[in-house]
Structures are given as structure tokens and as C-alpha cells.
Amino acid sequence: MPEWQRSTLELIVEELQRPIRIDESFDRRVMVHVRRTYARRRRRGVAGLMASASRITHHPVWAAAVAAGIVAVATLGIVRGRQHAPVAEVGHEPVQFVLVAPTAKSVAVVGDFNDWGLNDSALVATNHEGVWSVTAPVPTGVHRYAYVVNGKDWVADPSAPRSAADDFGMPSSVLVVEGSTK
Amino acid sequence: MRIRPLRGLVALVMGCTAIASASAQDPRIPTRLDAPTQAAIFAILDSALAQGIPAEPLKEKVYEGIARGADGPRIVAAVRSLALEMSTAHKALGTVASADEIKAAASAMHAGVPAVELGKLKREGGLRRSLTLPFTVLTDIVSRGVPVQAAANAIRSLVGSGARDADINTFQRNVKVDIEQGASPAAAAETRAKGAAKPESSKPDTE
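Read top to bottom, the protein sequences are chains A and D.
Going by my numbering, the letters in the first sequence line up with residues 1 to 182, in that order.
Going by my numbering, the letters in the second sequence line up with residues 1001 to 1207, in that order.
Same shape as in the complex, but just chain D:
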């Protein structure tokens, strides 16, 4: 039998598309959504899967919208916005980023952190360092009023100095308390970052 490479390739692509489409049609998406909303959501999920973006956070957004009593158009808008942010985050972080990092980076972008800052952080952290928690803390301090650039600089200094997730958690708690006690958010972040950053001599060998 003669194998025709082009036909094989077409069949493979069609098969992959069918699988991706089938996985987007999650039976867990509740049927209480009206037909146009369901169609719009499945289209966004299909598009996300085609781009290699994890679909689970998008589905979770649908459940959240339903649980909070949001109407169809609002749910679609939220899911579309998240898909766009995840797509941008995915491109900024590169193919080495995990699904959790993409999800956390998308949340940071939602708070106003530019994708380019997230990309810089990822490069600074190295391939083996998960930036899920640093991105989460970055989002938190920005939402508490720390200016984006000051927040990004603080997190970059922590990650660059080899601070662990536990150190970054402590940093977040301290900044939160400082702000609640009346400190300037920028001053709190800069001061606490200096204290939390590890000295050069104690940097772990991550690469």
C-alpha cells in the first residue's frame, strides 16, 4: 500500500482539531446557559485550545459567573477578556511557562501589569523557578495601591535575589499590614523588598 504524506497530514490535522473541539465541549458547562451564550463560550474555548492556552481557567470563569448570578453577555465578556489576557501572557512568558504561571500572569495583567514586565520577571527567574506565587503577590500589591512599576521592581528584586515563595509570602503580608497602618503603598513595597531580598552570597544555585 502506498502512503500519501499529504493526505496523512490532513487527516492528522483534522483529527487533532476534532479532539480539541470535543474537549472544549465540556459537559460540565451547565445547560442553564442560553444557546447563544453557550455557543459564544464554546467558540472562545475552541480558539484558546487552538492557541495552546489552558482551557480550564476559562471554564472556571463560566462557573464563577453562573454561581454569582451574572447574565450571559457578562459571562461571555469575562471569559473573552480572560482568554485574551491568557493569550498575551502565554506569548510574553514563552513556551516554558506552566498553566498556573499563565493563569497568574493573566490575573496580574488584569490588575494593570504590562505583559512586558511579566516577561522580564520570567527571564529573571530562570527556567526552573515557578513564578506563580510572585505573579500572585504582584497582583495583590498592585490591587492595594502600589504603583505598577514600583511593584514590578520590588518583585523583580526579590526573584532576582533568589527569594523563596515563603519569603515572598512574608513580603506580601508585611506590605499589606504597612498599608493598613497608613503607610504609602510605594514606600511600603520598596522598603519591605529591601528587607526581604536575600544577599548575593546566599543565592541558591538554580541554574
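Okay, chain A solo, but in the shape it has when bound:
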């Protein structure tokens, strides 16, 4: 090693070995800083602690992509929910009621699933050349029902099992609705 290099190195070592003088107020200032930081975190609560403990930075493009994904999933969920809502709710299955009554003026369906038509809850069927039909979500389980023709004549469904319990002198039928997940 040349002489000039050796002398330079000795100067550097000498500088590094020189004792560092710390200001007497240093400890006090550090402690003040620590106390302030702790107090601030306590004020922020859990959210503050979480935020300061895990500060993650994202590239704007990735953040935009994630946001778009969340919006897409949420939108699809809403659309799907809207598509299913009129057809079947949870614990309900869509049931088509059909009655052939070519001379009828109106046909409605009443049963224990709509309180037998009380409070205008009867299901109104639509006419297609004498074939009256209506589709509605019905709760899973066993039900009794009947058709009301022309607003006054109660008739049983000729294509369904009969009900024995005609306590009020009018016929009714039985419907067993099974869950689709069974």
C-alpha cells in the first residue's frame, strides 16, 4: 500500500474511533417523542394501531383492478338476486297451478300458503284458450289449496291428491313441495 493511501486510511480510522458526544438533552427528547407517539395511537384506538402496524402500499393500477373486481362481484350478486327473487325465495319453490276451465271468466288460487285468499292474497291465474295458470313461490312442506272459479265456486285441482279435510263443505287438494336442495 502506498504511503499516501496509508495516511488517508489512518485518518479515517482515527475519525471513526473518536468518541461521540451526545447532547445531555438527547434522552429526554427521545422519551418525549415515544410518549407522544403512544398517546396518539391510543387515541386512534384499534384502527390506528392496525394502520400504523401494517402500512401497505399498492400500485394504483393494482388498486384500481381490485376495486373493479369488487364492484363486478357485487353487481353480479345483485343482478342474480334480482333474477331469482320473483321466482323463489329461501325455503320456497316455484309451483305452477293449472286448471282447464274453458267457460270460466276468472280463476284464482287460494290455499294455506296465502291465508286462503284473505286480504286480497289470492293468486290470479291468466287465461290461455281455456287453460288457466299461475306460477308462484310456495313454501316447502305440505299444503292444501283450491281454485276459486268466477269468484265464487271452489273446486279442487283434478290433477292433485284430494284432501280429506273438507270441514267447510268445499273440496280442496293437497300439494307437497319439496326443497330443491334435498
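Just so you know, these hints were derived from the structure itself, not from any lab.
There's no promise every hint is true.
The following label-pair restraints were derived from C-beta to C-beta distances [to be verified]:
(1) A/158 <-> D/1166: 16 to 24 Å
(2) D/1032 <-> A/158: 40 to 48 Å
(3) A/139 <-> D/1050: 20 to 28 Å
(4) D/1095 <-> A/124: 35 to 43 Å
(5) A/139 <-> D/1127: 36 to 44 Å
(6) D/1050 <-> A/91: 22 to 30 Å
The structure displayed is predicted, hence computed values, not measured ones.
Positions of the beta carbon are idealized from the N, C-alpha and C atoms, including for glycine.
With chain A held as given, fit chain D onto it using these hints.
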């Protein structure tokens, strides 16, 4: 603090009774019923709840009576009759029976099927097999003129052979058509049951 078990038990029982009573006082029971009819119906509902019988079919019977223009005494009689049939069905089927099975069994009893036959069917079907539809079809074919014993035997052979609800539905439709075409109801049920019953080899493992 010292806990007194007897007082705790009394309080629990009173609380449960209050809850049961409150749930029987369904606000959906229309106020168009006169006071004596309402009182009689609420008493039947309370009694049913105390026995562990589902109250909803009884309430549905009330709505049905009102919708069909029946008077108070007739509605009370119908609800009382249904409560009795459901209570008997509940005892015959055991605690494993679902509310729907009890409701369907009560309807079968109304058609004239003895509770003991329903109990036999439930035991034959096993714990996991719902007998709601078999009871419904049993009620239907009895109401079409099939003698009770022949109808019960037919349904028992179907359930015992592992027939599914779809098979039993087909059986009901076939018996109905046969009877409408002039067949003897008993002969139709027996013959169609033989055809619909699954052979032993195709029985599903339900237990």
C-alpha cells in the same frame, strides 16, 4: 348470591308458558271473529302448543273457515277436530315425526285411516324417510274409495320396498285413472302397488 333451584325451575316453567301463550295469540287471527270464537280458538292453540303440536296448521284452518264463510262454532269445531287428530298422530308417529308428517297423518286420520296404521308406516319407513307424501297419497286413495286396509297395505308395500316420492306420485295418478275408468278401487290399488314396488335388489340404503 345463593341460587335456589326450585324457584329457578318455577320461573323457567312460567316463562316458557308465557312465551307459548304469547305465540298462540297470533295477531294474524282476524278480529272479525267474535269474542267467544276467538277465546275458544286461542284456548285450543295454547293447548296444542303445550303438547308440542305445531300450531300453524290450526291457524290455517281458522283462515280457511273465515275465507269459506263458515260461522264461529263451525270453525271452532274444525280446529278442535284437527287439534285432536294432530295430537293422536303425534303420539302414533313418535317424536321423530316432522310437522309436515304430523299434518299429513292428521289428514289421513280424518279420511278414516287408524293411527296405528300410520305408526306402522312410520316405523317401516325408517327415521330418515319423510312420510309426508305417502300419507298424502294414502289419504287421496282412501277418499277415492279404496278400502282403508287395502290402501294402507299398498302404501306400506311401496314404502317398504324403497319406492321414492316420484314413484308414489305415479302410483296415485295411475290408481286415480283406473278408478275413473271404472276399475274397482281396491283392485286398482293392489295391482298398481305391485307394479310400483321396487324389487328387493334395488332398495336404497337408507339406514
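Results for each hint:
1. Separation of residue 158 of chain A from residue 1166 of chain D is about 20 Å and conforms to the stated range, judged on CB atoms against 16 to 24 Å.
2. Between residue 1032 of chain D and residue 158 of chain A the beta carbon distance is about 32 Å. The supplied range of 40 to 48 Å is therefore violated.
3. Separation of residue 139 of chain A from residue 1050 of chain D is about 25 Å and conforms to the stated range, judged on CB atoms against 20 to 28 Å.
4. Against the hinted window of 35 to 43 Å, the Cβ-Cβ separation of residue 1095 of chain D and residue 124 of chain A comes to about 41 Å, which satisfies the hint.
5. With their beta carbons about 24 Å apart, residue 139 of chain A and residue 1127 of chain D fall outside the hinted range of 36 to 44 Å.
6. The hinted range of 22 to 30 Å is satisfied by residue 1050 of chain D and residue 91 of chain A, whose Cβ atoms lie roughly 27 Å apart.
The structure shown violates the earlier hints numbered 2 and 5.
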